[in-house]
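A.B. asks: Chains as they are written, first to last, in the working numbering: chain A, 370 to 762; chain B, 865 to 1039.
Since the hints were made in silico from the structure, they are not lab data.
Wrong hints could be hidden among the right ones.
[Said to hold, decoys possible] Straight-line C-alpha distance at most 27 angstroms; calculated BS3-like pairs for lysine-lysine:
#, chain 1, residue 1, chain 2, residue 2
1, B, Lys949, B, Lys915
2, A, Lys759, B, Lys936
3, B, Lys1006, B, Lys1019
4, B, Lys1000, B, Lys1014
5, A, Lys391, B, Lys1014
6, A, Lys391, B, Lys936
7, B, Lys936, A, Lys415
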Amino acid sequence: MPEVVVPIGPYHPALKEPVNFKVIADGEIIVRLELDLAYNHRGIEKAAEARDFVRVVPLLERVCGICSHSHTTAFCKGIEEAMGVTVPPRGQLIRVIVAELERMHSHLLWLGVAGHEIGFNTLFMWTWRDREVVQDMLEELTGNRVNYGMNAVGGVRRDIEPPLVARCLKRLSPLEERIRKYADMVRHEPTTLARFQGVGRLTKEQALAFGTVGPTARASSVDYDIRRDDPYIGYADIPFDVVTDGQGDVFGRTLVRIGELLQSVRIVRYALENLPPGPVRVNTPRGAPKAEVLSRYEAPRGELAHFIRTNNTDKVERLDIRTPTLANWTSVAVSLVGSNLADIPVVVAAIDPCLSCTSRITIVDPGRRQTSVMSWDELRAHGIDFYRRKEGV
Amino acid sequence: MKLSERIVAWARLKSPWIILFNSGACNACDIEVIAAITPRFDVERFGILAKSSPRHGDILVVTGPVTRKQVKRLRMIYDQMPEPKYVIAMGACGATGGVFRGLYHVVDGVDQVIPVDMFVAGCPPRPDEIIDGVVKCLELMKADMKNGGKAWRVKAPAPAAEPKPAAVPGTEVTA
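Start from the sequences and build out the full structure, keeping to the hints where you can.
C.D. replies: Here it is, written out as structure tokens:
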């Protein structure tokens, strides 16, 4: 049978975000996958160079609305390292609390979306209802449901009062009970077993070779978590386990994420019970000395890295963001080969793709094998001209 | 109004179907729109259903600033929707571009590309604000039906035909 190209996207009922797949299929079997991820490219890295450290934090928060705290923490942590500033312990633990609540809301969201992709809409409705408990906690702690605005260079912007700590602790136990129920349900429900087991399999060697990170890697028994292996903002003192699984398929990734949910509950409970007294923020100098910092962070989807170069001013000279989804996309293209067309939604959803943060521009001169740098005005003019020529817009 | 038209109008107001289009958003608005269809907020009690095909939709909910690559796609989705169509722009980015205003790959607000009927403020708007926006849009639909189209809402200096915002240089869509 001849190979057929099946285009999916950028706007497609099965997709929540704009992405374009060209699936080359032989009958029902996928032969190859080509991806175009650049629909949401906005040019944040370039914009970050034009804003000072106070104004760049709200911008970086909107790199991705789901892991907004991850991006600001990674950035603030890097700038603090360049400045030689230490955040007070109370501020650090508040960052941990918000980070783990964010992980919980992201994983519950994922569990619901994965359920939705296999037609298990009951699971979708249940997890999103329980996610509202986490959203309520985040709203009370930070003042907003999604983009929290909690981080600033030097610490956090809001303190937690004791009554709020008690309220949050009270909400954690019922939530933990629900998560245990999901863990039990996913292992026994015929729908999840039929659609998750053996789908999108990735061996440990493949996971390492394609540089996967986060739950995708940990489901292929790669025992790697930045929170434990390179501790930051107070994770060194917090007891938790890194959850891994040996199955390497979508089922394994589900189990890893549910396990991480329970660990996050444990971390949040520990942090709330052991909040040290003191200030939450220190004053920082306006500028940062000349330095190059690589700031790593374990975001809900995996390892997030911010490379920051400062040059004695109050702006970054270069900011490079390497997001976990970008690292995980190649594993999708690999694990889909040989599987059925019907498995595309669930395998793609299994890495928890987040497309708003994945596309980058590099200007390469292939003749001289060199990369070059463009100024803001050049880039803007190029962007307008390119789309006028290519698409007539 | 003929009887058949009145039945269609009644049905549309009782059950508007919304299309969610991500034109370059950071996902925050998207997850809040999806949160609005889940049990806590449950827009289905107003008959509002989230649909996938633009050909089934009454209200297009656009999240985020419009990236240059999405201009053409957004226009195509809008053109595929049946009349009368309504557009809700989500959040600060949908209104003006928000924090992304002026970036090299962004054409700022949604109204630079397609006509917008309703703006919902916030970054991102809470699900209850989104529901409020959709319900207000229904009132607008009712008023439009009474006045026979959208033309009555157009302010004096605008063209007499279908209201179309002036396109910004570099964003015009040619067929």
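A.B. asks: The structure should be examined with respect to each hint, and the outcome stated for every one.
C.D. replies: Here is what the structure says about each hint:
1. About 14 angstroms separates the Cα atoms of Lys949/B and Lys915/B, which keeps this hinted pair within 27 angstroms; it holds.
2. For the proposed pair Lys759/A and Lys936/B, the alpha carbon gap of about 11 angstroms is at most 27 angstroms, so the pair holds.
3. For the proposed pair Lys1006/B and Lys1019/B, the alpha carbon gap of about 19 angstroms is at most 27 angstroms, so the pair holds.
4. At roughly 15 angstroms between alpha-carbon atoms, Lys1000/B and Lys1014/B fall within 27 angstroms of each other, so this suggested pair holds.
5. Simply put, Lys391/A and Lys1014/B have alpha-carbon atoms about 40 angstroms apart, too far for the 27 angstroms limit, and the pair is violated.
6. Proximity of Lys391/A to Lys936/B is assessed by CA-CA distance (about 19 angstroms); at most 27 angstroms being required, the pair is judged to hold.
7. Restraint check: the Cα-Cα separation between Lys936/B and Lys415/A comes to about 24 angstroms, which is no more than 27 angstroms; the hinted pair holds.
Hint 5 alone, counting from the list given before, is not met by this structure.
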